[in-house]
Amino acid sequence: MGFAFQERYQAGDSPLHLLDARVKVVATLLLILGIVLTPQFAWPAYPLIWALLAGLSIIGGIGIGRLARTATLALPFTLAAITLLFTTPGSPLVQVLGLTITDAGLGRFLAIVLKSWLAVQAALLLAMTTHFTDLLWALNSLRLPATLIAIISFMYRYLFTLREETERLLRARASRMAASPTGRAGGSLAWRARVAGGMVGNLFLRSYERSERVYAAMLARGYKGQLRTLNAPPLSRRAVLLGAVPVAILLLIELVALIWWR
Amino acid sequence: MSHHTIEVDNLSFCYPDGHAALHDVTFHIHMGEKVALVGQNGSGKSTLLLHLNGVLRSTSGSIKVGGLPLNDANLGQIRAWVGLVFQNPDDQLFSPRVRQDVAFGPLHMGLPDAEVNARVEKALAAVRMSDYADRVSFHLSIGEKKRIAVATVLSMDPQILVMDEPSAGLDPRARRNLINLLHDLHDQTMLLSTHDMRLAAEVCPRTIVLSGGRVVADGPTRDLLYDAALMEQHGLETP
Chain P
1 MGFAFQERYQ AGDSPLHLLD ARVKVVATLL LILGIVLTPQ FAWPAYPLIW
51 ALLAGLSIIG GIGIGRLART ATLALPFTLA AITLLFTTPG SPLVQVLGLT
101 ITDAGLGRFL AIVLKSWLAV QAALLLAMTT HFTDLLWALN SLRLPATLIA
151 IISFMYRYLF TLREETERLL RARASRMAAS PTGRAGGSLA WRARVAGGMV
201 GNLFLRSYER SERVYAAMLA RGYKGQLRTL NAPPLSRRAV LLGAVPVAIL
251 LLIELVALIW WR
Chain W
1 MSHHTIEVDN LSFCYPDGHA ALHDVTFHIH MGEKVALVGQ NGSGKSTLLL
51 HLNGVLRSTS GSIKVGGLPL NDANLGQIRA WVGLVFQNPD DQLFSPRVRQ
101 DVAFGPLHMG LPDAEVNARV EKALAAVRMS DYADRVSFHL SIGEKKRIAV
151 ATVLSMDPQI LVMDEPSAGL DPRARRNLIN LLHDLHDQTM LLSTHDMRLA
201 AEVCPRTIVL SGGRVVADGP TRDLLYDAAL MEQHGLETP
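Chains as they are written, first to last, in the numbering used here: chain P, 1 to 262; chain W, 1 to 239.
With the rest of the complex left out, here is chain P:
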C-alpha cells in the first residue's frame, strides 16, 4: 500500500547526528534563509552552496546523489513560478503557444528552481540526521507554542496506529469483495463511494473515541491542562561553534555573490 508518510530519518552516529538538535534547527533555518536571499543572477554561488550541502551530507553519512534526488520531490511546487517565464520584461528568446519567453524571465525562473532545490536539501539534511522526537524537543526548547508541539507529537504517535487501523479496514473490505466468475467485481461507482465514505466515517469515530481514552489516561496521570516537559540541558559552546561553521561558510558565499556576481 502506498502510504506517503514514511520516516526520513536515517539512524547513524555521525557528527551531524550527534549535534544538539536545537543547534541543527537554528542552523538549518539560517541556511534556508541565506539560500533564499542569494542574489538571483549570481550563478557561480549556486554550485558553491550545493558543494556546502554535499559536504554536510558526506559528514552525515547520507549519499550526495540520494539527497539531490529526494529534493527533486519538491520541484513541482516551483511550477507556481512558471508565469515569470513570460511576464518578466527582457529580450525574447522563443515563442511557445503564442507566448514569448524572455531571457530575464528564464533566468528568474531558473533561480527560483535552484533555490527551492537547495533549500529542500538543507531541510532534508536536518530531517535525515535528526529523529523526529528530537526535532520536536528542539522546537519545544526553542519556545514554539507547547500546544502546537503537543498536537504534532500526538500526530506522530498515532499516525502509525491510524495507518494500522486503515490497513485492517481495507483488508476486511478486500476479503469480502468477491467476484462471481461472470459478473463485474466491486459494484457500481456509487456503491464503492458509499463504502469508502463509511470507512472514513468509521476511522473518524475510532480516532475520536481513542482521543477520549487518551485524554482519560492523561487525566489519570495528573494532567491539569498544562503539558510539562523536562528542562532542556544547557547548550554546549562546542555545539554552537560547530553549528556556526556551515552558516559562516554560506555567509561568505553570499557576501562574495553580493559584491562580485550581482
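Keep in mind the hints are simulated off the structure, nothing from the lab.
You may find that some hints are simply not true.
[Stated by the list, open to error] Per the computed footprint, the stretches of chain W lying under chain P, defined by three or more beta-carbons under 8 Å from a beta-carbon of chain P, are:
#1 72-81
#2 94-103
#3 140-146
#4 149-160
Cβ atoms here follow ideal geometry from the backbone N, Cα and C, with glycine treated the same way.
Chain P is already provided as a structure; the job is to place chain W on it using the hints.
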C-alpha cells in the same frame, strides 16, 4: 488516616445517554490486598475503575481513597495515589518515546527534574524494561507496551494499582511475565479487572464479582471462582 485503602459505598452511575452502569456498589479494600474484579463484558468493571481516580464522577454514593473522600480538593492527591493502567496500552502510551511516557506522571505531579529522572529509571527497572527508555513506543510488541504501561504509573509511586484487563491480548510468555511482575509488586494494594480466571486465581486472594452493575459476590477467590453455579450464572467460568 489510612493508607493504601479503597472504600466504595453505595456508588451508582448513569452515563449521559441514560445507560445505568453501576447500581449501589459497595466494597472496601484494605492495605496490601490484591483483589480481582470479574464480570462479563458490560458488567460495569471499566466504569467502576474509572471512578477510582475520578476520571468519571458520580453524584450518588461515596468513594474514599487512602481515607480521603474523592472530591475536587483531593483529586490531585488521589490521582497520585491511584495508578490506573488502561486496557489498551496504545491509549496509555501517548508520548512518542518510552522515557517521555514514564516521566509524564511524575512531571505532572510537579516533581523536580532529577527526581523525575530517578523515578523513570526505577520504574523501568521494576518492569525490567530499562533498555527501552529511548525506544519509540509504536514499534514495541503488545507485551512490551503492557509492561511499560505499568511503569508509567509505577513512576508516580502509587499506593494503589488499578489495572483494566492486564492480560488481554498477551501471548502465553508475555502473560507469564506479567503475572510474575504482579507477584513481585508488594508495595501496592491491587485491584485487577479481568476475564482471565487463572490470572485471578494465581494473583488475587480475593475476588469481587460484578454483574449488571451490581456486586453479586465478594469473598476469597478459591471459594468464588470454583463455584461453578455462580460463575455460570454470571457468564463466567471456573479457572
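Next on the checklist: So, against the hints stated earlier in the document, which numbers end up violated here?
Outcome noted: 3
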